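Undergrad: Chain residues, written in single-letter form:
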Amino acid sequence: MSGAYLPLLLLFGVSILNAVGMVVTSHILNPRRDTPQKLMPYESGMIPLGSTRQRFSVKFYMVAISFIVFDLETIFLIPWAVQVRELGWSVFVAVSLFVVVLAVGLVYEWKKGGLEWG
Amino acid sequence: MEPISGIWAYVAMTLKVTGIFTLVMIVVAYATLAERRVSAWIQDRRGPNRVGPFGLLQPIADGIKNILKEETLPATASRVFFVLAPMIVLVPSLVTFAVIPIAAPLPTPAGVVDMIIADVPIGILYVLALSSLAVYGVVLGGWASNNKYAFLGGLRASAQMVSYEVALGLSLIAVLMLAGNVTLTDIVWQQQQLGMWFAFPLSLAFILFVISAFAETNRLPFDMPEAESELITGYHTEYSAMKFSAFMISEFGHMVTASALMATLFLGGWDLPGSWDNAYWHEGQLISGFADDGSVILANPALWKTAATFAGFAAKTGFFLVLYIWIRWTLPRFRYDQVMALGWKVMLPTALAYVMVIAGAILFLDEVGLDWGFSYGLVLTGVSGLATFGFMFFLDRGKTISGAAVKEPQKSRVDRVPQPAALGE
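Top to bottom, those sequences are chains A and B. Per the numbering used here, the very first residue in the first sequence carries number 239; after that it's consecutive. Per the numbering used here, the very first residue in the second sequence carries number 52; after that it's consecutive.
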């Protein structure tokens, strides 16, 4: 079965070569006439104020945590999904319990305002 | 018919890898042209039509221009990551296509060749894993630019892509329940066996998947990461020349892959109506179906069948590509909090509930003893139709559909002008 992955390896090689080749070719061929203004971060013509490396909204962290929880749930559901007809009702009940527990978590996060933005 | 083997298998593999890779690159190049031409058409202007007949050589001119153009590397940027990000974003978008079958198996004198780069047993999991890798390049590009707008674009991209990936994965689960396997070849085969494409028995999953795919590819109405009215161009603000081009190629590459995926999962892939083109490897034999007594019916692959099914696949993928452009000029952009609310408060609970409904329906139909086939699909179509109706009804809540019909008629300017009789009183 490992032979099935051989074309993928070849495709990865072609793609990486293509990606690197594009950037390198352009780097060799293009003219470089740098000026201090040209190398400034572009902020619609304004002179940049302050650093970019500042603190940002904690909301993004909440989204990342919720994503891990629910994406893992999806991964747990996939093995059941492909075998759903063979496994029958008893496993359906078990999976329902699993989904309900996560749904309660979602409702809790929702009510606590974890899904609100701004 | 035997599968291709020996030295010819390696020849076929090399040809398929280079052929399909080139095909995807050409489709990506012409998707950029199609977008500009269709945009122009929708806005009643001409679009690029000077380079070659109908502007058909425009992508080549763009490529040459982008390779020769001067590029800037901001003084404050993190040099290594700034150069690395376009490559990281480009590779996943080019390799994801590998597990999507593009046509019926092709017979050659040396054996039958599957029209797919790699029919790996992990199938759809490979697509999920690689398509989510693209977000790293986007975030890295935004962060390394050391530009506030680029940084905000990268942050938005990461939050939006992970949010919609949940709904995307959950709507896929409904497909996997019907297909019984994760390889895309099996998903196409089960749609042929069921006698209908999964867009009908799984209509709600189809709708959720299309919406999530739009959000995943950062296309309007979900193009928050590059909202040009708010963030200049978002995460690739500082990129120019070929590095910018790499971001564009990756975006269109994701669009092409997502279109092909939607066509494969919900519109039967390369399947055309009727069972004449069915082909599937079953215990070493290429079969087109099972007879009533359980014996296999051998398939009869032919060059014209491969060509016809490939045309069908191209038409379905092209439909979704045009849909992408069409929707871009139809719907306005969301507000960011609305994007997140739709993902977490509407798509996720709906997808979760729908998975359980479909699982229950499948188990119930098996309990009743209905055979796997067209009538099975019809019952599921009914269940899904009800679910879709409920979903639309809930989303609407008297706002969009009925809202427009019962809205107070606006007073025209003429009504507001005082009438002579009124003046006289």
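The set of hints was computed from the structure by calculation and includes no laboratory data. Keep in mind the model is a prediction, meaning the values are calculated, not measured. Hints may be right or wrong, so weigh each one.
Unchecked claim - Chain A is faced by these chain B residues, among others (derived, beta-carbon under 10 Å):
id	residue
1	Ala60
2	Val150
3	Lys199
4	Ile300
Unchecked claim - Distance ranges between label pairs, derived from CB positions:
id	chain 1	residue 1	chain 2	residue 2	range
5	A	Arg293	B	Val397	28 to 38 Å
6	A	Arg270	B	Ser90	32 to 42 Å
7	A	Leu335	B	Leu429	23 to 33 Å
8	A	Phe314	B	Arg97	46 to 56 Å
9	A	Gly326	B	Val373	39 to 49 Å
10	A	Gln292	B	Ala366	28 to 38 Å
To be verified - Taking lysine-lysine and the DSSO-like style, the derived pairs with C-alpha atoms no more than 30 Å apart in a straight line are:
id	chain 1	residue 1	chain 2	residue 2
11	B	Lys116	A	Lys349
12	B	Lys396	A	Lys350
13	A	Lys276	A	Lys350
14	B	Lys199	B	Lys120
15	A	Lys297	B	Lys120
16	A	Lys276	B	Lys199
17	B	Lys396	A	Lys276
18	A	Lys276	A	Lys349
19	B	Lys199	B	Lys116
20	A	Lys297	B	Lys396
21	A	Lys276	B	Lys120
Even for Gly, the Cβ is constructed at its ideal location relative to N, Cα and C.
Undergrad: Quick check: which numbered hints come out false for this structure?
TA: 10, 11, 13, 15, 17, 18
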